[in-house]
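> Protein chains in written order, with this note's numbering: chain X, 1 to 370; chain V, 1 to 370.
It is possible that some hints are incorrect.
Because identical chains share one entry, a pair is satisfied inside a single copy or across any pair of copies.
[Unchecked claim] Straight-line C-alpha distance at most 25 Å; calculated SDA-like pairs for lysine to any residue:
| no. | residue 1 | residue 2 |
| --- | --- | --- |
| 1 | Lys147 | Pro212 |
| 2 | Lys358 | Asp190 |
| 3 | Lys138 | Leu295 |
| 4 | Lys147 | Pro349 |
| 5 | Lys147 | His70 |
| 6 | Lys364 | Ile84 |
| 7 | Lys364 | Val118 |
| 8 | Lys358 | Pro289 |
| 9 | Lys147 | Gly83 |
| 10 | Lys358 | His249 |
It should be emphasised that the hints constitute simulated quantities derived from the structure, not laboratory data.
Here's the letter readout for the chains.
Protein chains: 2
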Amino acid sequence: MTVVGVIGGGQLARMMIPAAIDLGIELRVFAEAENSSARIAATVVGDYTDSDQVLAFARSVDVVTFDHEHVPLDNLDLVVSEGIAVFPPPEALALTQDKTMMRAGLAGLAIPQPRWTVAEEESPDAPDLVGGFPCIAKLPVGGYDGKGVRIIHSWNDVRDWLAAGPVLLEELVSFRRELSQLSARRPSGDWSSWPVVETRQDGGVCSVVISPAPGIAQGQSAEAEEIAQRIATECNVVGVLAVEMFEDHDGRILVNELAMRPHNSGHVLTEQSVTSQFEQHLRAVTDMPLGSTALRQSSGVMANIFGGAPVEKWAAMSEQFPEVKFHSYQKTFRPGRKAGHLVVTGENPTELSAVAEKARDIFKGGEPWE
Amino acid sequence: MTVVGVIGGGQLARMMIPAAIDLGIELRVFAEAENSSARIAATVVGDYTDSDQVLAFARSVDVVTFDHEHVPLDNLDLVVSEGIAVFPPPEALALTQDKTMMRAGLAGLAIPQPRWTVAEEESPDAPDLVGGFPCIAKLPVGGYDGKGVRIIHSWNDVRDWLAAGPVLLEELVSFRRELSQLSARRPSGDWSSWPVVETRQDGGVCSVVISPAPGIAQGQSAEAEEIAQRIATECNVVGVLAVEMFEDHDGRILVNELAMRPHNSGHVLTEQSVTSQFEQHLRAVTDMPLGSTALRQSSGVMANIFGGAPVEKWAAMSEQFPEVKFHSYQKTFRPGRKAGHLVVTGENPTELSAVAEKARDIFKGGEPWE
């Protein structure tokens, strides 16, 4: 039997557990803390920046995969050098660790993306390369969920970051909406995608996902798929790949971010698709046949719950909306923290969105969850 | 946070784990062996016939529920006497432990059932009370999956059982098909049902389930629901209740068996219904609002896998039938043992049945699973 090791004990590792149970895969989690979201499967609590700890964990499994992209590549190279499979492989994962590498990699594949440059200092030319101020500044390494990303109107807004190192500047795209293309690839090459979804952010954090993206043109969804397939294939991605994209006012698609693991924008698929992204990720990293990505219902909406998701709140929500599925991350309360999510599926995305938002509102202002 | 304790580490406990993960319920399993199907959640390995062990486990949880109905009632009464919730309550569970008690209980509620009597010896009158030989003989206690059940053509066929104690005799019903009505009830009284399903047995063991039962008349499904609701309410069942029934050639419904836990005939609901039987059971025993039992797709078929479900077999199955969902019980190989199940959902039950059977055939003759 295959043993899959997941580094990181967050909600993504947590949600791989049901898929592992279905498939009969033994899942072992390397978690940051005893009280991690994935604690039921956590067999090691340790520090993923420690190469000895990572290597010892890797030796206890058949394949290493991830809940997040923060494991130092040196540690992963060490694991690979022992002949243990790491999926996605470190050279692919590198693109998600360093946004400058990602931009350069996508440029090399001629994938459409916002204009970008790297500023090492307050160079007068740099803003012109991205369409001038205001533009987007990103810390190349370590940002997530809106952290490490700023809209800057002048060099003043980014002087602190520049003092510490190079900053990625990107064109401030005037977009109509944001999209996300989920897909998965096996090491043997098979690749499979779900229909592209629309994501709605709140303060730089994913708030609502509508699946499929309402009213998307066939040409656009074909282009989104083609972009994802090229990235997956050319960069040797193994597992789930999420490509976050802008759809601009001319209908052009530009790649914003990449993630090489199950992604918030794919949570809706657990209810809506024959194969969830978590199951597909486990199938892919164990090089098993990919499952069908057909949709059981033509429309689905996911809404994130922030802060806390205490039991009284989901009871109240469930009383009013018994058709809305609740997913707890079993995390302690912290303002703005993703504490869980809701999914509702059906036929009409507008109605489903209204239901999901109303159901989510019930969680607002809750007591800290313990 | 609610802590639910499940006694028994079989596949039913195993499949409660994903539901507990979704709901943010802490699940603890009292398993028979280290290598149980539910081992990822097993916190205690012990003997459920030992009252001290059961009591110690119960003290570590908020509510006790079950993967099977074999825990001695005395042990459960002891748990209840300490003020710890046991759902279903022992007085309800008693009906599933002793088939004679069940028959008497159903008779008291005037629920339609096959004719029955208890034979303590080779009484000449007994067969007449159940329509004569051949009839069904059942051991009142301890049978499951066709074990402890015989068709007898004369007293000769049951002499060994009679030597040990009373035997339940039941009318050999000439039935058109078998049905199962799944529902769930909260302690506060709310009750909710799924559409009645058709079950097909092979050697007394559930082999295929078609949901909903094809071509069922509205009057019959209403009667099946009404029977289940009366049993749940009058017997104070809490959690999932499965009522297995015969549909005879006149369209009459007769109750065959009861189970007060998630049941093989409800596995198809995990894919097909908004709320799985496992999630509904956890909602019910923690007295939370019941989820919607609406169906996401109009038809679903489940097929059990017997013997073993090795990874090579499900890979081969999945290659050919990517739309068929696989559920491993992660059990060691044993001929005839339920090793997992398959589910496929869609619109046409005849086509889905053909797919499920073909997919299941791929598992036949497999090597022992390790």
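> Indicate, hint by hint, whether the structure satisfies it.
For each hint, the structure was consulted:
Taking identical chains as interchangeable, the C-alpha atoms of Lys147 and Pro212 are never at most 25 Å apart, the minima being 27 Å within one chain and 49 Å between chains. For the homomeric pair Lys358 and Asp190, the shortest alpha-carbon distance between copies (24 Å) is at most 25 Å, but the shortest distance inside one copy (40 Å) is not. For the homomeric pair Lys138 and Leu295, neither the shortest alpha-carbon distance inside one copy (36 Å) nor that between copies (45 Å) is at most 25 Å. Within a single copy, Lys147 and Pro349 get their C-alpha atoms no closer than 30 Å, and across copies no closer than 50 Å, so neither meets the 25 Å cut-off.
For the homomeric pair Lys147 and His70, the shortest alpha-carbon distance inside one copy (14 Å) is at most 25 Å, but the shortest distance between copies (54 Å) is not. In this homomeric assembly, Lys364 and Ile84 never come within 25 Å of each other (Cα to Cα): the closest approach is 45 Å inside a single copy and 32 Å across copies. When the C-alpha separation of Lys364 and Val118 is checked against a cutoff of 25 Å, the pair qualifies neither within a copy, at 40 Å, nor between copies, at 59 Å. In this homomeric assembly, Lys358 and Pro289 come within 25 Å of each other (Cα to Cα) only across copies, at 18 Å, whereas the closest approach inside a single copy is 39 Å.
For a Cα distance limit of 25 Å, the shortest separation of Lys147 from Gly83 qualifies neither inside one copy, at 35 Å, nor across copies, at 49 Å. Proximity of Lys358 and His249 under a CA criterion of 25 Å is satisfied in neither setting, with 29 Å inside one chain copy and 49 Å between copies.
Violated hints, listed in ascending order, are 1, 3, 4, 6, 7, 9, 10; each of the other numbered hints is respected by the structure.
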